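Visitor: Protein chains in written order, with my numbering: chain A, 1 to 225; chain B, 1 to 69; chain C, 1 to 259.
Bear in mind the hints are in silico, worked out from the structure with no lab data behind them. Predicted model only: the values in this text are computed from it and were never measured. Idealized CB from N, CA, C, for every residue including glycine. Please note that a few of the clues may not be correct.
[What the hints assert, rightly or not] Which residues of chain B face chain C? A few of them, derived with a C-beta cut under 8 Å, are:
{"id": "1", "residue": "Glu-2"}
{"id": "2", "residue": "Trp-3"}
{"id": "3", "residue": "Gly-13"}
{"id": "4", "residue": "Ser-15"}
{"id": "5", "residue": "Tyr-23"}
{"id": "6", "residue": "Leu-28"}
{"id": "7", "residue": "Gly-31"}
{"id": "8", "residue": "Glu-33"}
{"id": "9", "residue": "Met-35"}
{"id": "10", "residue": "Val-37"}
{"id": "11", "residue": "Arg-40"}
{"id": "12", "residue": "Arg-41"}
{"id": "13", "residue": "Thr-44"}
{"id": "14", "residue": "Leu-48"}
Read off the chains here:
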Amino acid sequence: MNGLMGPFMAVLRRDLMLAWRGRTDVLVTLAFFVIVVCLFPFGVGPETNQLREIAPGVLWVAALLSTLLSLNRLFAQDHADGTLEQLLLSPEPTALWVVAKVAAHWIVTGLPLVIVAPGLALLFDVQQDALGVLVLSLALGSPILALLGAVGAALTLGLRGGGVLLALLILPLYVPVLIFGAGAVDAHLGGMGASAQLLLLGGGLLGALAAAPFACAAALRIAIE
Amino acid sequence: MEWASWSAFWAMGGSAFFVWGSYFVTALLIGVELMMVRHRRRDTVRRLIRLRRAAPPRADVRVIEESVQ
Amino acid sequence: MMKEKLSRSTEPKSWLRFSAPQMFYPLAGKMAPWFAAVAAVLGVVGLYIGLFVAPTDFQQGEVYRVIFIHVPAAWMSMFVYLVMAFWSAVGLVMNTRLSFMMAKALAPTGAMFCFVALWTGALWGKPTWGTYWVWDARLTSQLLLMFLYLGFMALTAAIEDPRRSDRAGALIALVGAVNVPIIYFSVSWWNTLHQGASVSLTKAPSMASTMLAGMLLMAFAAWAYTIAVTLWRVRSLILERERHTEWVGHELDAQEGRA
Numbered sequence: 001m002n003g004l005m006g007p008f009m010a011v012l013r014r015d016l017m018l019a020w021r022g023r024t025d026v027l028v029t030l031a032f033f034v035i036v037v038c039l040f041p042f043g044v045g046p047e048t049n050q051l052r053e054i055a056p057g058v059l060w061v062a063a064l065l066s067t068l069l070s071l072n073r074l075f076a077q078d079h080a081d082g083t084l085e086q087l088l089l090s091p092e093p094t095a096l097w098v099v100a101k102v103a104a105h106w107i108v109t110g111l112p113l114v115i116v117a118p119g120l121a122l123l124f125d126v127q128q129d130a131l132g133v134l135v136l137s138l139a140l141g142s143p144i145l146a147l148l149g150a151v152g153a154a155l156t157l158g159l160r161g162g163g164v165l166l167a168l169l170i171l172p173l174y175v176p177v178l179i180f181g182a183g184a185v186d187a188h189l190g191g192m193g194a195s196a197q198l199l200l201l202g203g204g205l206l207g208a209l210a211a212a213p214f215a216c217a218a219a220l221r222i223a224i225e
Numbered sequence: 001m002e003w004a005s006w007s008a009f010w011a012m013g014g015s016a017f018f019v020w021g022s023y024f025v026t027a028l029l030i031g032v033e034l035m036m037v038r039h040r041r042r043d044t045v046r047r048l049i050r051l052r053r054a055a056p057p058r059a060d061v062r063v064i065e066e067s068v069q
Numbered sequence: 001m002m003k004e005k006l007s008r009s010t011e012p013k014s015w016l017r018f019s020a021p022q023m024f025y026p027l028a029g030k031m032a033p034w035f036a037a038v039a040a041v042l043g044v045v046g047l048y049i050g051l052f053v054a055p056t057d058f059q060q061g062e063v064y065r066v067i068f069i070h071v072p073a074a075w076m077s078m079f080v081y082l083v084m085a086f087w088s089a090v091g092l093v094m095n096t097r098l099s100f101m102m103a104k105a106l107a108p109t110g111a112m113f114c115f116v117a118l119w120t121g122a123l124w125g126k127p128t129w130g131t132y133w134v135w136d137a138r139l140t141s142q143l144l145l146m147f148l149y150l151g152f153m154a155l156t157a158a159i160e161d162p163r164r165s166d167r168a169g170a171l172i173a174l175v176g177a178v179n180v181p182i183i184y185f186s187v188s189w190w191n192t193l194h195q196g197a198s199v200s201l202t203k204a205p206s207m208a209s210t211m212l213a214g215m216l217l218m219a220f221a222a223w224a225y226t227i228a229v230t231l232w233r234v235r236s237l238i239l240e241r242e243r244h245t246e247w248v249g250h251e252l253d254a255q256e257g258r259a
């Protein structure tokens, strides 16, 4: 186990350090999330009842879009400076450092959304006891988004118009996460309890953790070869 | 035979727009697809013939390309 | 590793030799017109039965006749995606170039049928449910399938290097195929939770045997059509990919002589 943790932590630490150096990028993603959420009241009108109703969906769609926006940064830098090739040639299992990179990416771009989301939910007058469910659903769901997105980011690596292409490839795959994520909050607000959705999200996370790194590793090899 | 007359057939019991709208668009799409396939075939053959005239195949290039694939 | 694969693929045996593009190209050329003819005959007979012989539906009236294209198109769109995923898996595992080409050649026809299913579904929905679209599990899944097709085609078209394009497309086709059941399950779940504005979809009405016959004939016609178009399309792909080989040179000379 120790043999695997070493390279995992090394990649994780390196990516976190790089993210810290370019922290404005991270803040831009977060600002995008906040702005998208704040646009909705202008679009649908300021009635509190309506806003309360759409809040879970809005927050989740916004989280999905900002994840998508940040994804092309996942491998682009390493691709440009040749680090990715080095990593692929290294003896460490590819899926392992892929998970490390995705974990670092999530800590930098996903975790801030999870932290900010309850504050934004209050702007939509969501009941306070639902905030916990919202945070939990995002905490379970956004890593799935990052893991699935990593496969798409690897496939579109270095392509012209890669960003739009990535959206087309990945957004349909995000639909189940969106359904269960927003559904968890809705179910809690509807008094039905969110445990079923949260369990499904947890199961989805385990499934994504088991499968996506290998698909992503294969995609990277296809892209770099 | 189900229909009293041709006009009854075209009227489809009042649902002409929905029925014929479906059939028409399907026929159109199939027609377009067949034309595109035909066009692509002709295009490919013409372009490759032109390429071949411009640069006759060289054995060494071929071997390299095949080993890359 | 590369040499290993090459030497393996140069020993053709039995029908497996048709996995070599050079062997498959003439075979496809011979088979495609036959499948096209079968599609035309089945289509004409199916349409005749569907439009002239099948009785009026006692619940829906004449509008149900959309079924003769809607259901075959919907079946075909799902089936083609599965076949694409199958060829993609074969290509990735066995490293056969022809499999990737088959997957690519299938995609546009699958997308076409997917669109036909959506379009005819909408036109059928308006008179029966009173709306062109409901966010029902089946319709929504079909829509997402359309996006999967578009994604596959956009990705393979965006990558210029044929080897990378083949493999990237194959991978996304497989990822999509794994996700299709998950998408369907989640969408049905979501649909049952939001029953507020639901429209009860017609449960398979007891179909007259002529209706069923018309529908099945049209479904077989769609199969034959798909095979014919795919074979034609794969022929162009093969020429393109193999353009530096000697046999394509001969083929081009023959084509030039004919023109």
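Visitor: Next step is simple, just say for each hint if it's right about the structure.
Guide: Structure-based check of all given hints:
With a cut of 8 Å, the hint placing Glu-2 of chain B at the interface with chain C holds, because the nearest CB-to-CB distance is about 6 Å. For Trp-3 of chain B, the suggested interface contact is upheld, since its CB lies about 7 Å from the closest CB of chain C, less than 8 Å. Contact between Gly-13 of chain B and chain C, as hinted, is supported at the beta carbon level, the nearest pair being about 4 Å apart and thus within 8 Å. Given hint, Ser-15 of chain B at the interface with chain C, holds; its Cβ is 4 Å from that chain's nearest Cβ, closer than 8 Å.
Taking 8 Å as the C-beta contact cut-off toward chain C, the hint placing Tyr-23 of chain B at the interface holds, the least distance being around 7 Å. The restraint placing Leu-28 of chain B at the interface with chain C is violated, with a minimum CB-CB distance near 10 Å, outside the 8 Å limit. About 11 Å separates the beta-carbon of Gly-31 of chain B from the nearest beta-carbon of chain C, more than 8 Å, and the hint is not met. Interface restraint check for Glu-33 of chain B: the shortest CB-CB distance to chain C comes to about 6 Å, inside 8 Å, so the restraint holds.
The beta carbon of Met-35 of chain B comes no nearer than 11 Å to any beta carbon in chain C, farther than 8 Å, and the hint placing it at the interface is violated. For Val-37 of chain B, the shortest C-beta to C-beta distance to chain C is roughly 5 Å, which falls under 8 Å, so the interface hint holds. Satisfaction of the interface hint for Arg-40 of chain B is found here, the shortest Cβ-Cβ separation to chain C being roughly 5 Å, below the 8 Å cut-off. A hinted interface residue such as Arg-41 of chain B counts as satisfied when its beta carbon comes closer than 8 Å to some beta carbon of chain C; here the least separation is about 5 Å, so the hint holds.
Given hint, Thr-44 of chain B at the interface with chain C, holds; its Cβ is 5 Å from that chain's nearest Cβ, closer than 8 Å. Interface hint at Leu-48 of chain B: satisfied, since its Cβ lies 5 Å from the closest Cβ of chain C, which is below the 8 Å cut-off.
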